[in-house]
Structures are given as structure tokens and as C-alpha cells.
Amino acid sequence: MLGVARCLEPDPRGFGTHERLGLGPCAFATTTGRRCPSCGMTTAVAHAARGRLDRAWKSNPAGALLAVVSVPLIGWLILCSWKRRPIGFRTVEAPLLGLLLTIVAVGSAFWLIRILEGPVHPAPAGAAPAPGPVPFAPEPRKEGL
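Numbers 1 to 145, taken from our numbering, label the letters of the sequence shown in order.
Rather than coming from a laboratory, the hints here were simulated on the basis of the structure. What you were told as hints is all true, and nothing was included just to trick you.
Listed next, with one range per pair, are the computed distances between beta-carbon atoms:
| hint | residue 1 | residue 2 | range |
| --- | --- | --- | --- |
| 1 | E19 | R85 | 35 to 45 Å |
| 2 | T31 | S81 | 38 to 48 Å |
| 3 | F89 | T32 | 37 to 47 Å |
| 4 | L23 | T102 | 18 to 28 Å |
| 5 | I113 | K83 | 37 to 47 Å |
| 6 | L79 | G22 | 31 to 41 Å |
| 7 | R50 | G75 | 15 to 25 Å |
| 8 | F28 | R85 | 33 to 43 Å |
| 9 | P25 | R84 | 37 to 47 Å |
For glycine and all other residues, C-beta sits at the position ideal for the given N, C-alpha and C.
Whenever a hint applies, use it, and build me the whole structure from the sequences.
Next comes the structure, spelled out in C-alpha cells:
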């Protein structure tokens with residue numbers, strides 16, 4: 001994950017880096033105008049792989065957490081495999097489940113914050129997103145009506 005993310009240039013919008021892998025834009029964001037819980041996750045991992053944790057957190061806190069925790073987690077899993085027993089825990093499932101629940105909780109909390117902020121209309125690749133609702137501009141009055 002980190003190796004592939006290191007090869008990707010993070011999208012400056014804070015989301016959409018996955019499109020550089022040949023994937024389409026987020027269907028949820030395209031349909032609703034709001035970013036989904038995983039919007040920005042690939043961008044966050046790409047930033048984290050470059051050591052830009054502040055940008056990773058801004059893109060998607062759950063993705064930043066996943067990227068940061070993956071390095072020691074890989075080492076721990078290799079050590080557990082080598083020792084043929086969980087190190088520091090009775091089972092491997094307990095810490096992995098705890099990590100999964102933490103990432104889901106962080107992702108859900110961040111998504112709730114995004115929903116309360118209002119819709120973000122995804123801009124074309126390379127452009128900054130327009131935060132919040134698009135302001136309503138009334139049409140100019142026509143003379144004589």
C-alpha cells in the first residue's frame with residue numbers, strides 16, 4: 001500500500017488520487033455533491049508515504065491513521081509469524097479488531113463533520129475544491145418586464 005502510494009502524486013484537491021490508478025471518480029461524491037467516508041483516503045496515504053502527515057490528516061484522518069499504523073503493524077505481524085504466537089496479546093484478532101474499529105470510528109466522525117460542513121462540489125483534477133454550498137446567484141433582471 002505504501003509503496004504504491006509513494007509512486008502516486010497526491011491530488012492537490014485532497015481527494016481524487018485514486019483516479020491516477022485508472023479508477024473513476026467517486027460515485028457518491030458525483031451523485032450527491034458530498035464526499036464519502038473514504039474520499040481522500042488514497043491521497044492521505046500518498047501524503048503519509050512522503051512524510052506529510054499534516055496534509056494526510058487534512059485529506060482523510062482515517063487514511064492517515066491507517067498509513068501511520070501500517071508500518072509498525074507489518075513489523076508486529078512478521079514478528080508474530082516468526083514466533084508463531086501473538087506478541088503482547090493473547091490473540092492476533094483482538095488488536096486487529098481494535099485497530100479496525102478505531103479507523104472506522106475516526107472515519108465516521110470525520111464524515112459526520114464533512115456532512116455538517118455542507119456539500120463539496122468536486123472540481124476538475126488539479127483544481128482546489130469549492131468548500132461548502134455553492135452560493136446562489138440570481139439571474140439579472142430583464143428591463144421592461
